[in-house]
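J.: If you read the sequences in order, they're chains A, B, C and D. Under numbering that gives the first Met the number 0, the first residue of the first sequence carries the number 0, and numbering increases by one thereafter. Under numbering that gives the first Met the number 0, the first residue of the second sequence carries the number 0, and numbering increases by one thereafter. Under numbering that gives the first Met the number 0, the first residue of the third sequence carries the number 0, and numbering increases by one thereafter. Under numbering that gives the first Met the number 0, the first residue of the fourth sequence carries the number 0, and numbering increases by one thereafter.
Be aware that one or more of the hints could be misleading.
Intra- or inter-copy, both count: the list cannot distinguish identical chains.
[Unchecked claim] Pairs of lysine-lysine, DSBU-like flavour, derived with a Cα cap of 35 Å: (1) LYS271 to LYS344; (2) LYS331 to LYS278; (3) LYS90 to LYS307; (4) LYS140 to LYS90; (5) LYS278 to LYS371; (6) LYS242 to LYS102; (7) LYS331 to LYS307; (8) LYS90 to LYS287.
Hints are computed from structural coordinates only; laboratory data are not their basis. Values in this document were obtained by computation on a predicted structure and should not be read as measured data.
Now for the letters of each chain:
There are 4 protein chains.
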Amino acid sequence: MKRFILFFLAVSISLPLLAQRNRIDIPDLQGYLTLQCDFHLHTVFSDGTVWPAVRVDEARNEGLDAISITDHLESRRQLSEIERMSGLSLKTISHNISYDIAKPRADQSGLILIRGTEITRSMPPGHCNAIFISNADEIEKPDYMDAFRVAKAQGAFIFFNHPGFPIPPQQSDTAMWWPIHTQLLKQGMIHGIEVVNDHNYSLEAHRWCLDNNLTMMGTTDAHGPRPPFGHGVHRTMNFIFAKERSAEAIREALFERRTAVYWNENVIGEEKYLMELFKNALDWDMRKNGNAVTVTVRNKSDLTFRLKKTSQGPGILHYRDDSIARFIIPPKGSFRFIVRLLDDKQNCDLNFVVDNFLVQPNEGMNFTLNVK
Amino acid sequence: MKRFILFFLAVSISLPLLAQRNRIDIPDLQGYLTLQCDFHLHTVFSDGTVWPAVRVDEARNEGLDAISITDHLESRRQLSEIERMSGLSLKTISHNISYDIAKPRADQSGLILIRGTEITRSMPPGHCNAIFISNADEIEKPDYMDAFRVAKAQGAFIFFNHPGFPIPPQQSDTAMWWPIHTQLLKQGMIHGIEVVNDHNYSLEAHRWCLDNNLTMMGTTDAHGPRPPFGHGVHRTMNFIFAKERSAEAIREALFERRTAVYWNENVIGEEKYLMELFKNALDWDMRKNGNAVTVTVRNKSDLTFRLKKTSQGPGILHYRDDSIARFIIPPKGSFRFIVRLLDDKQNCDLNFVVDNFLVQPNEGMNFTLNVK
Amino acid sequence: MKRFILFFLAVSISLPLLAQRNRIDIPDLQGYLTLQCDFHLHTVFSDGTVWPAVRVDEARNEGLDAISITDHLESRRQLSEIERMSGLSLKTISHNISYDIAKPRADQSGLILIRGTEITRSMPPGHCNAIFISNADEIEKPDYMDAFRVAKAQGAFIFFNHPGFPIPPQQSDTAMWWPIHTQLLKQGMIHGIEVVNDHNYSLEAHRWCLDNNLTMMGTTDAHGPRPPFGHGVHRTMNFIFAKERSAEAIREALFERRTAVYWNENVIGEEKYLMELFKNALDWDMRKNGNAVTVTVRNKSDLTFRLKKTSQGPGILHYRDDSIARFIIPPKGSFRFIVRLLDDKQNCDLNFVVDNFLVQPNEGMNFTLNVK
Amino acid sequence: MKRFILFFLAVSISLPLLAQRNRIDIPDLQGYLTLQCDFHLHTVFSDGTVWPAVRVDEARNEGLDAISITDHLESRRQLSEIERMSGLSLKTISHNISYDIAKPRADQSGLILIRGTEITRSMPPGHCNAIFISNADEIEKPDYMDAFRVAKAQGAFIFFNHPGFPIPPQQSDTAMWWPIHTQLLKQGMIHGIEVVNDHNYSLEAHRWCLDNNLTMMGTTDAHGPRPPFGHGVHRTMNFIFAKERSAEAIREALFERRTAVYWNENVIGEEKYLMELFKNALDWDMRKNGNAVTVTVRNKSDLTFRLKKTSQGPGILHYRDDSIARFIIPPKGSFRFIVRLLDDKQNCDLNFVVDNFLVQPNEGMNFTLNVK
């Protein structure tokens with residue numbers, strides 16, 4: 000017990016150093032930059048508890064490329080509290096204010112700030128974020144279908160939030176896919192779903208994305224202040240595979256479903272993108288000495304890889320290769336093992352599952368290593 | 000390489016246990032509770048960036064007993080920005096609003112919330128906090144002497160903030176003790192000085208407190224969100240030696256100068272209080288075997304003690320006692336050493352300085368251990 | 000980078016505190032104590048590099064209950080080097096010497112020391128440990144079958160070491176199950192296999208144990224000094240489910256296959272023992288409020304549990320239950336989630352796999368939680 | 000709770016990166032390399048518990064440049080135990096054996112191995128190490144003066160070990176400076192003293208070195224295995240300021256007293272060397288804006304610097320300069336502060352003590368920073 004207290008004392012001494020800009024190191028793909036984004040954030044202008052500038056500072060501190068502040072159109076709890084205390088009416092304050100306040104600071108920081116809002120209704124349709132809008136005030140409509148129509152007309156990218164979250168909490172059957180969702184989908188007014196909201200990974204949302212060609216989203220939905228960036232600690236975020244680092248390129252990537260979700264150690268997304276991340280992150284080196292092949296794999300990224308051996312093809316003699324039954328390649332780390340081939344074989348396949356790269360709900364990605 | 004990976008993975012796993020106790024363990028004194036307090040905090044209702052509830056949550060998370068939100072009377076930057084964007088006038092919003100919003104949450108948390116404000120003028124007199132006031136609005140006066148008079152009439156405890164901080168930054172000679180300060184002191188309108196503001200320890204402020212019988216204050220002056228509590232990591236705070244855990248008892252202790260300042264590993268204050276903290280935090284055990292005395296000191300608190308041996312009285316033979324030339328007694332930790340007495344001696348004095356218990360500007364507290 | 004260096008400085012200061020006796024906290028089973036043992040260790044009296052007393056001190060430092068020093072009969076590399084340098088003949092030094100030197104220190108430490116040796120031949124039969132022997136010298140025989148016979152006659156428990164390890168390294172097909180192994184098995188001269196040797200988990204050895212009713216063994220095979228105990232860091236070891244804490248009870252448990260292997264975060268063994276460890280380590284608390292059930296699971300042990308949700312029975316409405324798609328219950332830690340039942344249901348099954356409790360080669364243990 | 004778990008899991012993952020550089024980074028001096036050495040180590044060939052190769056591996060793992068194995072001439076406890084158990088006589092084993100066994104491995108590792116021995120008598124003269132000898136066997140003499148004479152004739156560098164350590168422990172007055180020591184000094188048969196042995200810093204030994212122009216030594220005196228290298232964690236060691244990385248250059252530096260001792264965070268030595276280490280480790284950057292000077296100091300080394308402000312010259316206005324009352328420049332870290340000059344001043348002196356650079360017994364090194 001004692002020694003851990005001491006540990007934190009030292010961390011505290013070094014905390015000021017952490018104020019420098021940090022960034023998680025994730026490989027780019029062929030032809031695309033991997034941008035790190037969070038499109039679901041709140042401030043004191045809805046029911047959050049921080050000034051808009053804080054969202055910019057946090058994002059810069061964590062090395063994000065883009066964020067969107069998505070204050071609720073329908074719930075401005077903190078302004079209501081000021082109204083109640085002061086007797087003033089603050090109804091005329093624009094829904095664009097959090098963007099407008101944050102924008103100069105974002106520009107100064109080189110952060111891409113995307114105008115957004117949250118359309119907040121009970122089920123159905125539940126909560127949705129509209130980002131890449133031009134004017135949040137125009138989207139505040141009594142009829143939610145009108146709100147979706149205006150958002151779409153503004154060119155918005157619209158996604159379901161936390162589909163497993165009931166509103167109000169007492170209401171049941173909220174995580175269902177309702178007929179209205181099918182209708183919104185058909186009318187091009189719903190483009191993505193949050194597969195992860197904060198630390199809640201929804202297996203159903205993952206399934207719905209796969210079944211309906213929806214873009215996979217991962218956000219924090221932060222209301223309070225976020226803890227300082229620590230190395231290897233990251234917020235739930237979207238990887239956006241964009242043609243360049245610009246708002247327009249992010250929008251294009253979102254509509255083309257070129258995203259993945261980064262949640263704890265896990266990456267969730269389509270196999271074609273995850274396999275490319277996996278390959279670009281790792282360097283494999285094989286050295287043959289007689290029939291023994293020494294395999295060294297180096298991880299150039301801040302991702303973690305958890306591999307489990309599933310089976311092996313013919314041609315391998317068991318020679319300490321079982322140290323690879325289960326292994327971890329840590330961020331910027333490496334792992335080494337030795338495989339012995341049968342004398343008359345030139346090569347052999349080793350089959351793994353990358354347990355934390357989810358290409359189906361809760362299922363890892365298969366990977367075959369040809370050892371030669 | 001693998002070995003290191005394993006080691007750190009395992010360390011991480013055992014640390015969450017620490018998340019359970021969110022309070023720094025500091026001994027009480029004879030007849031007084033040691034309360035942990037921060038009397039200088041800002042919110043969005045002056046130039047801070049958090050909603051008042053965040054200050055309550057942070058304090059509860061760190062196990063504090065009492066805080067005061069001291070938004071500037073003269074600078075309400077965030078409200079001005081809303082005014083500028085909305086065209087509304089928010090002048091009528093009371094200076095009591097941050098207290099009023101935070102109070103129900105503080106009550107719910109068992110946190111003592113003390114009404115306060117910051118009187119923010121250029122030098123002289125510079126910035127001062129008035130706490131234990133009854134109405135902040137009445138203290139907003141064009142003439143600062145009027146402001147001090149009203150605060151005093153409300154029964155306020157008033158202290159200088161960060162005396163080494165110039166306002167505006169371009170102005171020189173700000174950290175001086177001006178005639179006006181002597182006048183305020185004589186008129187009973189200044190009772191304390193911040194010896195530490197955030198991480199800035201002012202040797203002059205420490206000197207002034209000693210010379211003028213002023214209460215030593217230590218605060219964060221936090222404007223943005225604070226990082227989450229980590230064990231052993233603490234904000235700059237006041238220890239208040241109070242007769243009970245109540246607002247009134249804190250006020251009494253402040254006026255009676257029963258405070259210390261806790262800054263990084265250091266405790267700053269009057270020797271009579273620091274010596275009692277030191278003695279109550281440590282258990283000394285001595286076991287004699289022939290002329291060898293084994294001394295074990297256990298630290299029951301979360302304080303750290305850095306001791307340096309300065310000299311020794313007659314009667315000690317050098318026997319590995321020099322392992323105590325410089326040693327640290329870590330939080331909840333222990334330290335053991337052996338002293339050998341000369342054959343014809345029954346006991347001997349060892350003299351130390353407790354380097355991080357500051358009883359004079361930048362000077363530690365002397366302590367003599369009688370070994371027998 | 001900088002801040003991690005600082006981190007280690009602090010750890011270093013606290014390292015002396017770690018010298019106290021530590022122990023990993025593992026639950027007992029119904030009617031059996033869970034003893035922590037390592038039956039494969041070397042010293043300078045074969046090809047190890049430490050004096051026998053070091054093995055005792057390490058084991059005590061890690062809180063083990065029992066060890067066996069198993070120096071090779073056939074390879075005494077360090078004694079040979081002394082012979083070469085001094086011209087002396089050291090052949091007459093008994094193979095029992097490492098046990099005899101370590102025994103008084105083990106007795107003093109309350110550590111159970113079991114006499115053992117390693118019979119070290121090329122394949123077949125490869126390397127085997129014989130423990131619970133009475134005299135190692137008698138087992139040194141030119142014909143290995145004679146060696147096994149004598150060991151058996153002494154009442155030894157005999158197990159294969161690291162079946163995937165070739166001797167010499169250039170020799171192939173070493174990890175095979177040879178006819179001689181079947182013969183040894185039939186003659187009652189082989190009772191267990193190392194499923195894990197150091198950090199090498201052998202899927203084949205796991206399979207062989209299951210197919211042939213062999214006892215699962217896990218050892219370090221340490222030759223050099225071991226690193227100091229860190230919390231949560233443990234050596235590969237055997238859990239022995241014994242009727243009491245005695246050498247005889249350990250022997251009985253080994254012959255009755257009441258063992259598990261603890262390797263990194265993983266526990267390998269028969270499901271009946273692993274399920275009881277799992278149940279005894281965890282407290283499940285469920286509180287129902289309407290149709291929402293809050294489930295809190297507390298881990299009383301130092302084991303880690305990695306759970307993945309596989310499927311769910313009817314009756315559950317998706318209500319943030321997907322936070323349990325993948326979760327970790329850390330040592331002495333807890334995890335909480337909420338499940339919402341359909342209105343007309345009284346309870347529901349949630350199905351998980353405990354990914355790091357291996358009841359088949361590389362496959363976790365299934366567990367069903369009935370939520371009500 | 001979950002948040003903390005996440006944080007620590009992630010911290011763990013990023014730490015293995017540090018496993019790659021196994022050397023403490025200490026600056027060289029003008030014309031001299033700073034070599035890291037430990038000249039007091041034991042093995043199983045006296046009363047240590049490790050094979051000689053372990054000492055080489057540990058040193059390489061910690062990035063040391065040179066070591067000396069100094070097994071006792073008079074106490075070969077482990078060989079005696081083998082004799083007792085086996086009935087063999089091992090008296091003819093040479094005292095050079097630990098060097099001879101370790102040498103090929105040292106050569107392979109690029110480690111400089113210096114032949115040494117420990118002359119182990121009761122007080123006076125107590126324990127002394129003789130290193131740079133040619134044959135340990137010749138130094139084993141009944142009369143200790145003969146032993147010193149032979150060692151000197153072999154060209155040995157001879158130093159007192161742990162002067163505060165009594166042999167036998169019951170004997171008193173052992174740490175005294177006896178007449179025999181003065182005699183040895185006059186005859187050129189004593190050249191240095193251990194100022195630090197393991198973690199015991201002897202104020203008297205420090206004083207004796209200064210008074211008698213003796214070389215300051217710092218060693219581990221390790222008998223058991225050492226823990227693995229952690230970054231920032233280091234053994235007590237000698238810095239040797241040598242003209243090149245060779246045994247002969249180390250010997251020359253030792254006789255010329257070009258050493259310092261590195262113990263925990265502290266460096267002990269002559270001011271001329273410590274000041275150069277200090278200056279070469281730190282980069283000071285000053286930027287003037289009006290009368291405000293921003294000072295940034297960067298630490299290029301793995302040393303830690305603890306500075307305390309003692310006083311300041313005329314010409315400084317107090318402007319947050321008191322954040323420098325006490326500060327730490329961590330390994331590879333930095334620290335920034337702002338000083339404001341009086342309007343009519345061009346520069347000013349700030350005076351510090353570097354509290355952990357000991358140039359007198361337990362007293363830090365003064366340092367003046369001219370701010371301009």
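J.: Up to 35 Å between alpha-carbons, please classify LYS331 paired with LYS307: within, between, both or neither.
T.: Both ways: LYS331 and LYS307 sit 19 Å apart in one copy and 27 Å across, limit 35 Å.
J.: With 35 Å as the alpha-carbon cut-off, assign the pair LYS90 and LYS287 to within, between, both or neither.
T.: This pair counts as neither: shortest intra-copy Cα distance 73 Å, inter-copy 40 Å.
J.: Checking an output row: LYS271 and LYS344, CA cutoff 35 Å. Within, between, both or neither?
T.: within (31 Å within a copy, 41 Å between copies)
J.: If the cutoff is 35 Å on CA atoms, where do LYS278 and LYS371 land: within, between, both or neither? Let me know, please.
T.: So LYS278 and LYS371 pass the 35 Å test inside one copy only (18 Å; across, 45 Å).
J.: I want to check one pair: LYS140 and LYS90. Are their C-alpha atoms no more than 35 Å apart within a copy, between two copies, both, or neither?
T.: both (15 Å within a copy, 31 Å between copies)
J.: Are the CA atoms of LYS90 and LYS307 at most 35 Å apart within a copy, between copies, both, or neither?
T.: neither (57 Å within a copy, 47 Å between copies)
J.: Quick one: LYS242 to LYS102, C-alpha cut-off 35 Å, is that within a copy, between copies, both, or neither?
T.: within (23 Å within a copy, 50 Å between copies)
J.: Could you place LYS331 and LYS278 in one of the four classes (within, between, both, neither) given a Cα distance threshold of 35 Å?
T.: both (14 Å within a copy, 33 Å between copies)
Going down the numbered hints, you'll see the structure goes against 3, 8, while the others check out.
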